[in-house]
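Residue numbers (my numbering), protein chains in the order written: chain A, 1 to 328; chain B, 1 to 314.
Just so you know, the hints here were simulated from the structure itself, not pulled from any lab data.
Note that the structure is a prediction, hence the values are computed from the model and not measured.
Treat the hints with care, as some may be off.
Unchecked claim - Partial list, derived from the structure: chain A residues whose beta carbon lies under 7 Å from chain B:
| id | residue |
| --- | --- |
| 1 | A58 |
| 2 | N60 |
| 3 | H62 |
| 4 | R88 |
| 5 | D98 |
| 6 | V106 |
| 7 | Y150 |
| 8 | L254 |
All residues carry an ideal CB built from backbone N, CA and C; glycine is no exception.
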Amino acid sequence: MTVLAVSGLSVEFTTEGGTLQALRDVSFEVPERKIVGVVGESGCGKSTLINAILGLLADNGHVSAGEILFEGAQELTTLDPTSMRALRGERISTVFQDPMGALNPVLSVGRQMVNVQYRSGRSKAEKTARAVEMLQKVRIPDAEKAVNRYPHEFSGGMKQRIAIAMALMMEPALLIADEPTTALDATLEVATIELLKELQEEIGCSVLFISHHLGVIAELCDEVIVMYAGEVVERGDVRDIFNDPRHPYAHRLLDCDPARQKGLVRHLPTIPGEIPDLRARPEGCIFRPRCHRAEARCTETPPEIVVSPGHMARCWVAEVPERAEAAR
Amino acid sequence: MLNYAIKRLGLAVVIVSVAMTLLFSMIYLIPGDPASVALGPRATPEMVAALRARMGLDQPVWVQFWNFYSGAWTGDLGIEVLSNRPVLTVVMEQLPFTLALIAGGITWSVALGIPLGCMAAVRRGSFADRLVGVLSVAVIAVPSFVVAIYALLIFAVALQWLPAIGAGEPGDLGDQLTHLILPSLAVGLGWVGYIARMVRASMLEVLEASHIRTARAFGLPERQITYRYALSIAILPTVTLLGIGIGQMLSSAVFAEIVFARPGIGKLVYDAILTRNYPLVTGAVLVTTVLFVVINVIADLIIGALDPRVRSGF
């Protein structure tokens, strides 16, 4: 079963400088019990995507086209606010990037974890017991006492584990993880990723994992979505994307990963040019101005080309791998 | 928490000591001899000398200071010149009236200011927000004695809804409360504006914080987010502001007590200055200083109780 099916989703923001199209024709699926990674540079629409799914778009933003189908039953873009709120924290929960600021500083950890369970119908004691149990699962030492402590009394890594515990407490069907390890150092990052994977398997939820750390995506995810300027340029199985990227942007992005450099380099590679102004999208392919493989037909919007079953790239030349072209 | 309270009290002792030094120096530096002023132009030099001796003014300045300083900590603020009663007794008789007035002023400002500020922040940019903004600045700009006079003219004289002067019958709580409404409004009205502005600004800041986004992402009810998650943080600067604002309210209280002919510290100091009753002036000012410091300690303790980060920072 598909937990989340996004199809043709477009999101627009009304700004003083005109209408900004933050997402255009975004389609992907999150299958049951799978971890789907979303990669892309800052400003590629990752956060807008999360907010659109959660129904928390800013007041000047709205879904202009497409739909978000949750658990095959509920269409999130047209769902009334009350029902949407009932899903949040219950069926769809979120772990945010900044562990320092994600918890309320004046309420104890236990209090916040108890408040999240307000729809569960459990007694106060049961809610507290559940909070302690979750803290133990994320390996917070001395969990019985930890529920009475305040966020500032924990380290960054512990706070992020508490946030994960809080997010998984109601055993949601979908966990959205918005760069949960970006603010942590490398050792903690690995530990947090392993913990997340372990709990995901135990609870059996799906995860939409947003990151710009390619190594983490490769390690953790089953499927990957590559986003650029508010569009999904390539998606597919994690092996397909990492071993055989077909969209020039996905290819460049992987080339830029410091971990993939062979030997010592004086300058790390970058992608020339900048993300286009989303208030005035260029005609045709969004990556064309920066693309070294651009052709005449790229002035028309390319369709999603199926490279292999489950591996799609929105590029006219996707059928020809870059390496093959270079060899020709 | 106990540690925090002890340290805060220690600081309060230092502040009061500094205040006492300044107060003593001021009275000492003011030209004119308190004894001859108190006795009037027709007093003989012997009478003046006798009073000077009784007030301790013939002793070296550091002895005088020591007497004042050590006496003050034991509650001995000297003898009032006109009635020969201990200054502390006279001041303490008047203190409850002023405390009631200040408490009334705080009640007005908090009861109106916090909900208005919250509403303005939640409905940012709406008509109500702008209206609260304009009214806040307006009430801040109007001096409290003007509010006092208009309140008196409108509600006591023209409409005759509320009593005009005095503090009410002793022992009759209802009567005392109705006598408190107008003077405390005069003291507190400007603070409604300050608090509404302050709460609005800090609410807007807190509502942008990422933990509020977390709370929304967990589907918590919007009411709970506004009042439990956001206001409990946004209220902190307001508590500090109120603690400091007590000083200004004490000076507004002087006007309110004069306009409404209410007993109280303000009226007492005013009368004492007119009659050059220096021991009474010093004593009353010292008591208000202590009051101010104590209220600020209470404000800090309230913040400590509300904010766990402050508690563990001490």
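Please write out, lowest number first, the hints stated earlier that are contradicted by the structure.
1, 2, 3 and 8
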